[in-house]
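Enquirer: Sequence order for the protein chains is A and B. Mind the numbering: the first sequence is residues 1 to 229 in full-length UniProt numbering, read in order. Mind the numbering: the second sequence is residues 1 to 789 in full-length UniProt numbering, read in order.
Check each hint, because a few of them may be wrong.
[To be verified] Below are the DSS-like pairs computed for lysine-lysine, each with C-alpha atoms no more than 30 Å apart in a straight line:
hint, chain 1, residue 1, chain 2, residue 2
1, A, 138, B, 456
2, B, 377, A, 22
3, B, 537, B, 525
4, B, 115, B, 163
5, B, 456, B, 377
6, A, 83, B, 377
7, B, 475, B, 566
8, B, 475, B, 377
9, A, 39, A, 22
For the record, the hints were derived by calculation from the structure and aren't laboratory data.
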Amino acid sequence: MIYLEGVTKTFHSSERSYTALKTISLIIQSAEYLAIVGKSGSGKSTLLNMIAGIDHPTEGIIRINDTQLNELNEDQLARWRGKNIGIVFQFFQLIPTLTIRENLLLAMEFVNVIPRSQQETRAITLLTQVGIADQADKMPASLSGGQQQRAAIARALANDPPVILADEPTGNLDSKTAASVHQIFQELAENGKTVIVVTHEKDTSLKYQRTIWLADGEIVTPPVNEIIA
Amino acid sequence: MNTQLRKAVRDLTYSSKRSLTVVFALLLGIWGVGTVGIAYSILTHDLQENYLRTLPAHAVFTSSDFDTQDTPRLLSLPEIESAEFRDFSLHRIEVRPNVWIPLWLYSVDDFSDIKLARIFHQEGAATPEKGSILIERDGKNVSVIRNGSIVNVRIGSSVKTVKVSGICFDPGQAPATQDAFIYAYTDPQTYQQITGLLTHRRIIVRFRNVHSAEEVEQKVHLLTDVLQRSGVKVQSIDIPRFNEHPHQWQLNTLLFLIGAIGLLAFLMGAVLVSQLVRSMLVSHVRQIGILKAIGASRFQIFRMYIFVLLVIGAMAGGIAIPLASVSGQAFAGFVAGKLNFDILTKTVPVQVYLYLLLLSLFLPVLLSLGVIVRGTKIAIRIALSDYGIVQQTKWSNYPLLRRLKLSEAWIMAIRNAQRSKRRLVVTVLTMALGVAIFCTGFNVRQSLWNLLEGQKDELRYDVQVVLDKPVSRQKALQPFQKLTNVKTIEMWVGGRGEIQSKVVATTKGVGIVALPAKTQRLHMKILQGRWLQVSKKVEVVINQQAWALYNHPEIGSSFDLTIGNKICHVTLVGIAEQFEKPKIYLDIAHYDNLVNPSHLINTLVFVAKENRYDQVMALKKEIESTISSSDLNVVYVMSQAERVRIIYAHLNIILTTILILSFLVLVVSAVGMASATSINIWERTREIGVLRAIGATSAQIYSLFVREGFLISIISVLLGLIIAYPLSQLAALFFGNLMLGQNSILAYAFSIPGFLITLVVTLLFGWLASRIPARSAIAISTRQALVYE
Chain A
1 MIYLEGVTKT
11 FHSSERSYTA
21 LKTISLIIQS
31 AEYLAIVGKS
41 GSGKSTLLNM
51 IAGIDHPTEG
61 IIRINDTQLN
71 ELNEDQLARW
81 RGKNIGIVFQ
91 FFQLIPTLTI
101 RENLLLAMEF
111 VNVIPRSQQE
121 TRAITLLTQV
131 GIADQADKMP
141 ASLSGGQQQR
151 AAIARALAND
161 PPVILADEPT
171 GNLDSKTAAS
181 VHQIFQELAE
191 NGKTVIVVTH
201 EKDTSLKYQR
211 TIWLADGEIV
221 TPPVNEIIA
Chain B
1 MNTQLRKAVR
11 DLTYSSKRSL
21 TVVFALLLGI
31 WGVGTVGIAY
41 SILTHDLQEN
51 YLRTLPAHAV
61 FTSSDFDTQD
71 TPRLLSLPEI
81 ESAEFRDFSL
91 HRIEVRPNVW
101 IPLWLYSVDD
111 FSDIKLARIF
121 HQEGAATPEK
131 GSILIERDGK
141 NVSVIRNGSI
151 VNVRIGSSVK
161 TVKVSGICFD
171 PGQAPATQDA
181 FIYAYTDPQT
191 YQQITGLLTH
201 RRIIVRFRNV
211 HSAEEVEQKV
221 HLLTDVLQRS
231 GVKVQSIDIP
241 RFNEHPHQWQ
251 LNTLLFLIGA
261 IGLLAFLMGA
271 VLVSQLVRSM
281 LVSHVRQIGI
291 LKAIGASRFQ
301 IFRMYIFVLL
311 VIGAMAGGIA
321 IPLASVSGQA
331 FAGFVAGKLN
341 FDILTKTVPV
351 QVYLYLLLLS
361 LFLPVLLSLG
371 VIVRGTKIAI
381 RIALSDYGIV
391 QQTKWSNYPL
401 LRRLKLSEAW
411 IMAIRNAQRS
421 KRRLVVTVLT
431 MALGVAIFCT
441 GFNVRQSLWN
451 LLEGQKDELR
461 YDVQVVLDKP
471 VSRQKALQPF
481 QKLTNVKTIE
491 MWVGGRGEIQ
501 SKVVATTKGV
511 GIVALPAKTQ
521 RLHMKILQGR
531 WLQVSKKVEV
541 VINQQAWALY
551 NHPEIGSSFD
561 LTIGNKICHV
571 TLVGIAEQFE
581 KPKIYLDIAH
591 YDNLVNPSHL
601 INTLVFVAKE
611 NRYDQVMALK
621 KEIESTISSS
631 DLNVVYVMSQ
641 AERVRIIYAH
651 LNIILTTILI
661 LSFLVLVVSA
671 VGMASATSIN
681 IWERTREIGV
691 LRAIGATSAQ
701 IYSLFVREGF
711 LISIISVLLG
721 LIIAYPLSQL
731 AALFFGNLML
741 GQNSILAYAF
751 SIPGFLITLV
761 VTLLFGWLAS
771 RIPARSAIAI
781 STRQALVYE
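Extracted from the complex, chain A is given alone in its bound form:
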């Protein structure tokens, strides 16, 4: 379970301070397939970063299962994240100097929860699961956007984390490829993973179990037309 209480995030610069999240309180159940929706600057990526432990809240508590993130330092967070969170980025963010298979292996090596002897097999299994096993030994640059995003999903699953976070995972894909990516996420949720997707899509009701709407750093209630430009 993901538990956020009174989470506020304020960014300070020399010129001004900007509050991206304002006392957000939220509970996300295990195996939930959830969308966080909002227009640009609404704070949705910041919220995702808070859940991933990428960023720290200025105020408030974030607890994921039994771990309170505020209590962990950077290295503890990195280890925790490796085991518990799989992240999928809009621009895939694969390591360009490694093959697809190596990208997965690297994630497994860092965290070391999958026994070394099983890592190779698991990499191929995951790539098969996302449908790009035949691309395993290719460099990311030689794959299409959809294939790269599938590879990124496979990497996110490498250490078998209970939570998958995806930041605009289909924002850079055509509609057909985007649909197949959603299909993968849906299957993951069905298999017990908590999947949280940040998106600015208008029509989310059919794809996600639940949608959280954000505007100006606050959770709001639809109507959708007033929120999405």
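Since the structure of chain A is provided, determine the placement of chain B on it from the hints.
Expert: Same frame as chain A, now just chain B:
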């Protein structure tokens, strides 16, 4: 290999140009340091070792009483390690048809058992055949004399023909090439035959258990007492510098030079490597964010980059260390050749290579530690949103640039150059330092040239003839009456004397030159006081070497001067600058009154009517020819041009080294600038894409980067020239002290050709340094640039 190491290796190969630049920069630094380190380790050891393996004499005693006493018994004191007769006399030898140079002829009792001041066999006979001589090997460089040659030796007024039966090597002597002497060695019988002089008049001595010049002095006093108590009247004692080769000063200068410039090149290379590694990490910021996002700890990321740096270090070291070994040994060989000593070090100590290897491996790590720690510390959110270099400056010079009515391209180039101020400062400082050192190299060279020119100006005569002993003026002048190209002949006399109450290294004292106070033939630069005047009291002028020797007496101070057996009271009126051994000048009128009642002279200086080089050389030959048909005993005949050439030979090795090393520093700084421009380009790859997308042509992008490079070059040249001024003065002070003696300032000189060469070379390097990376910038396609991470 696990995936983390594989990634590290791929990072290197993925940006191969950048990796190669880092490797090249490091390679250059390690190569430079290695060359200097290896040359240094060889040279510091080998010149001393060459000299010491001769078992140099600690003192030289001359007396005409040695034969009358039981000298071997006298020399069997426990304090004496070894002693030998080694008679010596100065003559002249024909090195080419009608070209005569001084010959230092030594007599050696037993060539098969030389106990001290040893010479080493090179070719031909090790012991000269009866009636023949051995010559020192460096003599071959100043003559056509070879093993087996028959040579003419002028002994006084007669010329004798002698065979050269072998070549030897005497590491204890100053190099013949620099001093234009030939050293020769023969047995006592042949020595007597050739010179007509008695032997066993001179003994060289080496003491047991002496560790300093002071200890040698004590033993000399002891031995002198023993000799004098036994009835041996010691005529002179000469104490060479303790355990120091005559040209150690040259080596010291060179070692200082290569050490200082090598260190500078190393520091510049270090800055360069640190810049490049920093830029490499800057370009990896987003990747660091991704790695952290997928669970990598800081230590894991840190370890990966350390591995990358170790690979870079190993690659650079793998190439640079063998190169440094070759170039270091070659440089040591070059210096050894110039100073006439053998390279004894056959293998460079393993620890030198080990240090270089450690330096190669850990220098980039050490230099980049801070950057890596900071880089791996970066927050994921910031790392993931990194889009390369940003405008860091708050200061805007835009209105000023507008007022200057510069084109947009120039304004952009100026503003881009300021974007990473720290890098701009490092680049400009590195380049400016290179310019300053290069320019200083030329300025010091100019100072030395000016010194040489000053020498020409100082000696306002064309040919000098020095006789082996004083003769009457009439006898000295008579043979030269018929010379045609002679305007005037002035006559001087000299001897040796010593200022009393000061401990000096020789009881023979320093050279005294007695000449007319109003002479027009000598015009030395006076550092303090004035030149001689006609005066009732005895005035002396000393050169700065004598001034240093006598512990800097004040102008106006009076002291006793011993000349021969007479002591006279003199007043110091001036200190003159002179690239010479210690010398004391006084009015010939006083000299004659004191010790030379017969007005004898031993030096003639000739002023030619026509003094073009060829005419002076013709006059010199005419003088040589006149001497050969006269009964004058001549020590040497030397033209001014030759004298300057000898001084130049002493300085040339230093001048050449200065220029080569300062050029190397400039190259290193140019590589630094090229790398800085490359970094700018790497960091702005995405911007290049944007520029292309909004319509910039390849030529416009190319010109943008070249303009930036040009701007940096201009700033660097200006700053470099400003730094060069105090640096040149310091360098002149240093070299002045080293070559001319303490407190002698080699006058600062600004080299106009040097300035122009510096300007052209720096701008050319600056252009090349920006042109090469700029070309790679325009090779990037718009699509590649826009998706670049």
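Enquirer: So, for every hint listed, does it hold in this structure?
Expert: Hint-by-hint comparison with the structure:
Between the alpha carbons of residue 138 of chain A and residue 456 of chain B the distance comes to roughly 77 Å, so the proposed pair goes past 30 Å and is violated. Between the alpha carbons of residue 377 of chain B and residue 22 of chain A the distance comes to roughly 27 Å, so the proposed pair stays at or under 30 Å and holds. Distance restraint check for residue 537 of chain B and residue 525 of chain B: the Cα-Cα separation of roughly 23 Å lies within the 30 Å cut-off, and the hinted pair is therefore satisfied. The hinted pair formed by residue 115 of chain B and residue 163 of chain B meets the criterion: a straight-line CA distance of about 26 Å does not exceed 30 Å.
For the given pair, residue 456 of chain B sits about 67 Å from residue 377 of chain B by alpha-carbon distance, which is inconsistent with the 30 Å threshold. With a CA separation close to 21 Å, the supplied pair residue 83 of chain A and residue 377 of chain B stays within the 30 Å bound. Distance restraint check for residue 475 of chain B and residue 566 of chain B: the Cα-Cα separation of roughly 26 Å lies within the 30 Å cut-off, and the hinted pair is therefore satisfied. In summary, the hint linking residue 475 of chain B to residue 377 of chain B is not supported, as the alpha carbons are separated by about 92 Å, beyond the 30 Å threshold.
For the hint linking residue 39 of chain A to residue 22 of chain A, the alpha-carbon distance of about 16 Å falls within 30 Å, and the restraint holds.
Figure legend: structure checked against the earlier numbered hints; hints not met, in rising order: 1, 5 and 8.
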